[in-house]
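J.: Take a look at the letters that make up each chain.
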Amino acid sequence: MSTGKEESRWNSLVEECFRREAGSQTSLPEPAQDLIETGVLDSMGWVSFLRALESASGLNDLGAQLTERTPSLENVLRALREGPAQRTFLEAPRSQAQRESTPASVILTSSCAALGSRTIPSEEIDRAFGMPPGKLRLRAGIESLAYAAEDENEVVLGARAAQQTLRSAACGPQELDWIIATSETHHGYPSLSALLHSQLLARETCGALDVGGACLGLLNGFAVAQALMASGKARTIAVVTADVHSRIFLPGTVAGEFGGLFGDGASAFLLKSAIGPASQQVYGLGDFFFGSAGQYAAAISVTHAPDGVLGVHFDGEALSRAAITKLEKVILDVELRSGIARSSAQGLATHQPNPRLVTLLAKQLGLPQEKFPVVARTFGNLGSSTCGVALDAILQSARDCQPGARAPIFLASLGPGLLFGGGWLFPA
Amino acid sequence: MTKLLITEITRMGPAFCVIGLQRDKDKIHSVRPVSATANSWLYFPYHRGDVLHCDLAPFAGAKPHIEDRVSTRGFQKESDVPEPEVVAYLRKAEVANSLPDLFDCVLHENKHGSGLFAKPVDPKRSICGTETRNLRLELCANELRATLALSSGEVLRDLPVVDHDWRSFIEAALAEHRGANRVGRLERFLNSQFHYKILSCPHHFIRLGLTRPYHDLCWLMLDTLFPLPNPEWLEEF
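So the sequence lines, in the order shown, correspond to chains Z and Y. For the first sequence, position 229 matches number 229 in this note's numbering, and the numbering has no gaps at all. For the second sequence, position 144 matches number 144 in this note's numbering, and the numbering has no gaps at all.
Worth flagging that the hints you see were computed from the coordinates, not collected in a lab. Since we're looking at a predicted model, the values are computed, not measured. Hints are supplied without guarantee of correctness; some may be wrong.
In silico DMTMM-like links for lysine to aspartate or glutamate, alpha-carbon gap of 25 Å or less [unchecked claim]:
#	chain 1	residue 1	chain 2	residue 2
1	Z	LYS5	Z	ASP61
2	Z	LYS363	Z	GLU328
3	Y	LYS119	Y	ASP101
4	Y	LYS119	Z	ASP42
5	Y	LYS63	Z	ASP42
6	Y	LYS3	Y	ASP68
7	Y	LYS77	Y	ASP55
8	Y	LYS77	Y	ASP165
9	Y	LYS119	Z	GLU204
10	Y	LYS197	Z	ASP151
11	Y	LYS92	Y	ASP122
12	Y	LYS111	Z	GLU16
13	Y	LYS3	Y	GLU78
14	Y	LYS111	Z	GLU204
15	Y	LYS111	Y	ASP122
16	Y	LYS111	Z	ASP61
17	Z	LYS329	Z	GLU317
18	Y	LYS111	Z	GLU15
19	Y	LYS111	Z	ASP42
Quick look at which bits of chain Z chain Y covers, simulated, 3 or more residues with Cβ under 8 Å [said to hold, decoys possible]:
#	segment
20	35-44
21	49-55
22	63-77
23	160-167
24	200-209
Calculated from the model, a selection of chain Y residues having no Cβ within reach of chain Z, i.e. all distances over 12 Å [as the list claims (entries may be wrong)]:
#	residue
25	LYS3
26	ALA62
27	TYR89
28	VAL95
29	TRP166
30	HIS204
31	ASN230
32	PRO231
All C-beta atoms, glycine included, are put in the ideal place defined by N, C-alpha and C.
Starting from the given sequences, assemble the full structure and let the hints guide the process.
T.: Now the structure itself:
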């Protein structure tokens, strides 16, 4: 129900936008008058007027709501009063208590992964980095790597994943309120989120935001998206990861024991705000938590030297120990915070520095290895996309489950620092 | 006698605008046959891909519609060419890959609402083909609008779609006999299968045009979208 103050605000917005389109001296037509039929505006002017109103009011689907209605000011005002968007945009901010009483308001409706289209056997990478053939397979457990083809980069892979994700949900890019992107390899400007915004043809008023965190980027993105939705400022958000390591970690610039571990890939997730029961077989976002264990900071650092050479400091032994320790702790914390036994999880979408560490982590946690999707073994360490590709694989397998048989999904990842984060999804 | 390959039939209100390609020695360029009394046709019984014989006055129209030629006699159909071949010819006619090259002039953004426009004296032509990286259609208050990314990466938003076949397809999709929730079903189609059908088509191509001066501005519009809609798609949603 709209208040008198809101009504007055809409009236003045409509009047202002109409005069901008029709001319400042134009008198306001009768409320029910067909603006196109009577020649007050032509069809282009009518749409232009509505776009101005959408922009001024923040009600981005106003035009869509007026399809199959007479183009009149009366109908515009009715759409402003009754439109579904109005409920989220114009309602008073919810109190803390109200927010806590309606948890799980963010759902993940669809996902997709896109991998570099060249599959390279790990022995070929061994040779390229001057290592004995078989080293990556025997020491790290990597059988092959996904490398980007010549015409693929972070934007191409990210856009491919995002477009498929939108298509699966029959969600038009014009519905997006934000695109949140993360990558540990795209460092140029326009940023990845801006380029994806153009590639996807999102609305001009859709925000584009890049979050960091390297391999932790996906979880950072989810947390930011969740917060935007909780604030009522967004209803539909795409979170995209994309990493192309094969153009950065080149033989001669980094040691093969490090550079040879990485592949190229992307993932995308469509998040929507949901109040009330979900209508699809979707997952809800649970809580996320984060931190930084500075005592492990020296285990890995990547810097750009003034001469352009990549400075990688990588203590393999220390990093492996730190990774196992922290990932195990994060997963135990997820278990504690969610009250969900790790053994009952549908799967664990974790960072996978290399396959050997995944095996070790599964053993430490007393979980079957099948709970961890195969990512690093066949595609390599995909940076921020490792967790994304793993999560997509679990979500795909959950879609084949009988109704009611789906289980929660655990997320845990790490980034240099040593940043860490965890969270969970649950069947909505 | 001029031989014209009909490549565009656009519709705004009740009138049709027609554009064809004419071969002039090694070059192919666009020609817009108009009647002696109006810039558009209320009845035009031919289709895209039709090859027509006609008599056109040799003088060009006023800027930027330099492609206008007055038709002095009726049209006679000689043959027709399939859609992919029409696009192959269009790719040999006026083509540009970036915003300033489309009409060889600066295009301005509407600061108060939506759309792009040129001042009538600036453009060097009123029609141009281009490749797109991405394209989407949406319905806004009964009007079909396109947003697209050129191969240069520049994004053009909210262009009115005046392609006769696409407008007819949308009208057919929204026809009352198609049952409930027609708008929702159409939007679902435009947001899912449509995207794949269009962008995966090897002869995906568009032509952008400028309106005749209206309040001293020529507005950018999507004249033609290939592939043309297939009536069988209506069964899919």
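J.: Hints first: check each against the structure and report whether it holds.
T.: Each hint, compared with the structure:
A hinted pair counts as satisfied when its Cα atoms are at most 25 Å apart, and Z:LYS5 with Z:ASP61 qualifies at roughly 22 Å. Between Z:LYS363 and Z:GLU328, the direct Cα distance comes to roughly 10 Å. Compliance with the 25 Å bound is thereby established for this hinted pair. Restraint check for Y:LYS119 and Y:ASP101: satisfied, since their Cα atoms lie roughly 15 Å apart, inside the 25 Å limit. Restraint check for Y:LYS119 and Z:ASP42: satisfied, since their Cα atoms lie roughly 19 Å apart, inside the 25 Å limit.
With a C-alpha separation of about 23 Å, the suggested pair Y:LYS63 and Z:ASP42 falls inside the 25 Å cut-off, and the hint holds. For the suggested pair Y:LYS3 and Y:ASP68, the alpha carbons sit about 15 Å apart, so the restraint of at most 25 Å is met. Of the supplied pair hints, the one linking Y:LYS77 and Y:ASP55 holds, its CA atoms being roughly 13 Å apart against a limit of 25 Å. With a CA separation close to 20 Å, the supplied pair Y:LYS77 and Y:ASP165 stays within the 25 Å bound.
Note on Y:LYS119 and Z:GLU204: the hinted pairing holds, with a Cα-Cα distance of about 24 Å set against a maximum of 25 Å. Among the hinted pairs, Y:LYS197 with Z:ASP151 is consistent with the structure: their alpha-carbon atoms are about 22 Å apart, no more than 25 Å. With a C-alpha separation of about 24 Å, the suggested pairing of Y:LYS92 with Y:ASP122 holds against the 25 Å cut-off. A hinted pair counts as satisfied when its Cα atoms are at most 25 Å apart, and Y:LYS111 with Z:GLU16 qualifies at roughly 14 Å.
For the hint pairing Y:LYS3 with Y:GLU78, the CA-to-CA distance comes to about 9 Å; that is within 25 Å, so the pair holds. At roughly 13 Å between alpha-carbon atoms, Y:LYS111 and Z:GLU204 fall within 25 Å of each other, so this suggested pair holds. Our distance criterion of 25 Å between C-alpha atoms is met by Y:LYS111 and Y:ASP122, whose separation comes to about 19 Å. Between the alpha carbons of Y:LYS111 and Z:ASP61 the distance comes to roughly 20 Å, so the proposed pair stays at or under 25 Å and holds.
A C-alpha spacing of about 18 Å is found between Z:LYS329 and Z:GLU317, which places the hinted pair at or below 25 Å, so the restraint holds. Distance check on the hinted pair: Y:LYS111 and Z:GLU15 sit about 17 Å apart at the alpha-carbon level, within 25 Å; holds. At roughly 18 Å between alpha-carbon atoms, Y:LYS111 and Z:ASP42 fall within 25 Å of each other, so this suggested pair holds. With a threshold of 8 Å between beta carbons, the proposed coverage of the segment 35-44 of chain Z by chain Y holds, since 3 of its residues qualify and at least three are required.
Residues of the segment 49-55 of chain Z lying with their CB closer than 8 Å to a CB of chain Y number 4, which satisfies the three-residue condition for coverage. With 7 residues bearing a CB less than 8 Å from a CB of chain Y, the segment 63-77 of chain Z meets the requirement of three and the coverage assertion stands. Given a C-beta distance limit of less than 8 Å, the hint that chain Y covers the segment 160-167 of chain Z holds, as 3 residues qualify and 3 suffice. Counting residues of the segment 200-209 of chain Z whose CB lies closer than 8 Å to any CB of chain Y gives 3, which reaches the minimum of 3, so the coverage claim holds.
Residue placement check: Y:LYS3 keeps its beta carbon more than 12 Å from all beta carbons of chain Z (closest about 34 Å). Every CB of chain Z is more than 12 Å from the CB of Y:ALA62 (nearest about 21 Å), matching its label as outside the interface. With a minimum CB-CB distance of about 27 Å to chain Z, Y:TYR89 clears the 12 Å threshold, and the non-interface call stands. Non-interface status of Y:VAL95 relative to chain Z is upheld: no Cβ of that chain comes within 12 Å, the nearest being about 21 Å off.
Once the 12 Å rule is applied to beta carbons, Y:TRP166 is consistent with being away from chain Z; the minimum gap is 15 Å. Against the 12 Å criterion, Y:HIS204 stays outside the reach of chain Z, whose nearest CB is about 15 Å from its own CB. Every CB of chain Z lies more than 12 Å from the CB of Y:ASN230, the least distance being 19 Å, so the non-interface label holds. For Y:PRO231, the condition that its CB be more than 12 Å from all CB atoms of chain Z holds, with the nearest at approximately 21 Å.
The structure agrees with every numbered hint stated previously.
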